[in-house]
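So the sequence lines, in the order shown, correspond to chains X and C. Each step along the first sequence adds one to the number in the working numbering, with nothing skipped, and position 8 is 8. Each step along the second sequence adds one to the number in the working numbering, with nothing skipped, and position 125 is 125.
It is worth saying that the hints were derived from the structure and are not from the lab. Note that the structure is predicted; figures quoted are calculated from it, not measured. Hints may be right or wrong, so weigh each one.
Unchecked claim - Derived CB-CB ranges, DEER-like:
(1) X:Gln98 x C:Arg178: 53 to 63 Å
(2) X:Ile89 x C:Gln261: 51 to 61 Å
(3) X:Leu16 x C:Tyr272: 44 to 54 Å
(4) X:Gly138 x C:Glu16: 45 to 55 Å
(5) X:Thr6 x C:Asn118: 23 to 33 Å
(6) C:Thr13 x X:Ile3: 32 to 42 Å
(7) X:Val92 x C:Ser68: 53 to 63 Å
What the hints assert, rightly or not - Some chain X residues well away from chain C (every beta-carbon gap over 10 Å; in silico):
(8) Arg13
(9) Glu17
(10) Gly42
(11) Gly78
(12) Val92
(13) Gln119
(14) Asn121
(15) Cys136
As the list claims (entries may be wrong) - For lysine to any residue, the following SDA-like pairs were computed, each having C-alpha atoms within a straight-line distance of at most 25 Å:
(16) C:Lys295 x C:Asn215
(17) X:Lys2 x C:Lys295
(18) X:Lys2 x C:Phe6
(19) X:Lys19 x C:His49
Idealized CB from N, CA, C, for every residue including glycine.
Take a look at the letters that make up each chain.
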Amino acid sequence: MKIPLTITVNGERYDLEIKPNRTLLDLLREDLGLTGTKKGCGLGECGSCTVLLDGEPVKSCLILALQANGKEVLTIEGLGKGKPDPLQIAFVEKGAVQCGFCTPGMIMTAKALLNKNPQPNDLEIKEAIAGNLCRCTGYNKIVEAIKSCAASTKR
Amino acid sequence: MRIRPFEYHTAETIKEALTILEKYGTEIKVIAGGTDLLLAMKQKKILPHHLLNLLEINDLDYINDEPSEIRIGALAKHSYIASHPIIRNEATVLAEATGMIGSWQIRNVATIGGNLCNASPAADSAPPLLALNAKIVIADSKNEKNLPISSFFTGPGTTLLEPDQLLKEIIIPKTKSRRKANAYLKLTRRRGVDLALVGVAFHGELDESGEKLKNVAIAMGGVAPTPIRALEAEAELTDLSYEKAIKKIPIAAKAAVAATQPITDIRATAEYRKDIVDVYVRRTATKVLNILFNKDG
Ligand SMILES: Cc1cc2nc3c(=O)[nH]c(=O)nc-3n(C[C@H](O)[C@H](O)[C@H](O)COP(=O)(O)OP(=O)(O)OC[C@H]3O[C@@H](n4cnc5c(N)ncnc54)[C@H](O)[C@@H]3O)c2cc1C
Ligand code: FES
Ligand code: FES
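Please model the complete structure; the sequences and the hints are all you need to start from.
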């Protein structure tokens, strides 16, 4: 049986009917066609499915879509609406993207970090992205890219 | 990995939730943050026909500071607990432990109630709550009862809870001692995001004179079928001065090891787990003693 779900994704409100066994990630990728959010492990380990739920980073593969009822979701598509976010530019410029699979999740976690703490140090950055695995870059360039955005938001 | 279909229920009050639970009995599972349950459902280890979402219950994610106790609602999330000033001051060991659970994304959804009810022998919130002599409040549609957390766990993955009951809140008594200190250490396979192989919580207080240790509590996770206290180890250190207690730490650590019955599994051998208990009891004890007696550690 389908259940009604009201959810705001990237600023747009959706009134949907959905099967209860669908995760937030299924909803985003399959029902709304927002494939920027990646599905890696599906087990809460890799972080490639990270989106912001009411501003907090969460793993969308381990949340039922219905548990996000009434909430606001921000995905990588919403972050880069119109023009790329400074984080997206920094990731490209600093070489923090190789295969790119981890990138959307990594950037969403980084965004939440910078929203909370605009001037994070290396340790704070590493702690924040501990749940986002990258098989390619070795993390240094990712930390650098995030740090460069911290500096560039300084007034 | 797909989740098998199920019927979905949601409740806005505890009362409503308990009525639904009573109706469906063993057919229904409750879901809070879902970080344990959805994983088990994806892996087909648990296949409930009905699921009751607790997250829409109003006001069950509180942390209330009362004169003689702190009350934590079962739906409080680890990220909230770990950063809450009352918990950081009054129950540091719990702030430390919940701050080490999973990753930031997991702590933003996973609840303390889920951590306890899932009853992993290595659940990180359990040793701190055991060491702080916490109580839990269990509710069913007829009444509520208050139990020491030490009686809650009955084995790996099992608790006292009946299918029609909910864990409602956790109560941490405040001690009257002028000085107290506590600490948590956990060993994982990888740095960062991982379940604990072993977790050790150490709590101590100063007596009236300010010269002797009292109310020592040592609790351990991942080394027995349930999280446990190390009562003999605690007794070794009780009523001792700083100098005597520091000398006695290795003996207490051995007593703590003796209280464990770890298993060998894919993640670590029993011998390794015991060695780690020995090291972590010594480290947490030293840290806590140094804080209590104002020594540079
Ligand atoms: C990637 C990853 C890393 C993790 N790392 C750690 C870690 O480092 N340390 C650690 O301890 N755990 C860890 N966990 C396990 C898990 O995140 C925690 O146990 C978490 O606190 C569970 O809470 P939840 O709200 O998600 O529970 P849920 O999955 O919603 O529920 C867990 C169980 O408890 C029952 N339940 C939940 N709430 C109640 C209630 N109020 N009354 C009665 N029954 C209830 C449910 O029916 C279910 O059986 C990790 C999990 C993942 C996926
Ligand atoms: S796909 Fe969600 S954490 Fe890996
Ligand atoms: S760039 Fe390939 S996984 Fe991170």
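Outcome of the hint check:
1. X:Gln98 x C:Arg178: 53 to 63 Å: With Cβ atoms ~56 Å apart, the hint holds.
2. X:Ile89 x C:Gln261: 51 to 61 Å: holds, 55 Å
3. X:Leu16 x C:Tyr272: 44 to 54 Å: holds, 50 Å
4. X:Gly138 x C:Glu16: 45 to 55 Å: holds, 50 Å
5. X:Thr6 x C:Asn118: 23 to 33 Å: Roughly 30 Å apart at Cβ, these two residues keep to the hinted range, so it holds.
6. C:Thr13 x X:Ile3: 32 to 42 Å: violated, 19 Å
7. X:Val92 x C:Ser68: 53 to 63 Å: holds, 56 Å
8. Arg13: holds, 19 Å
9. Glu17: holds, 12 Å
10. Gly42: At roughly 5 Å from the nearest Cβ of chain C, Gly42 (chain X) sits no farther out than 10 Å, so the non-interface label is violated.
11. Gly78: holds, 17 Å
12. Val92: holds, 24 Å
13. Gln119: holds, 18 Å
14. Asn121: holds, 16 Å
15. Cys136: Given a closest Cβ separation of 18 Å, the condition holds.
16. C:Lys295 x C:Asn215: Holds - the C-alpha atoms of Asn215 (chain C) and Lys295 (chain C) are around 20 Å apart, at most 25 Å.
17. X:Lys2 x C:Lys295: violated, 62 Å
18. X:Lys2 x C:Phe6: Distance of about 11 Å is within 25 Å: holds.
19. X:Lys19 x C:His49: Roughly 14 Å between the alpha carbons, so the hint for Lys19 (chain X) and His49 (chain C) holds.
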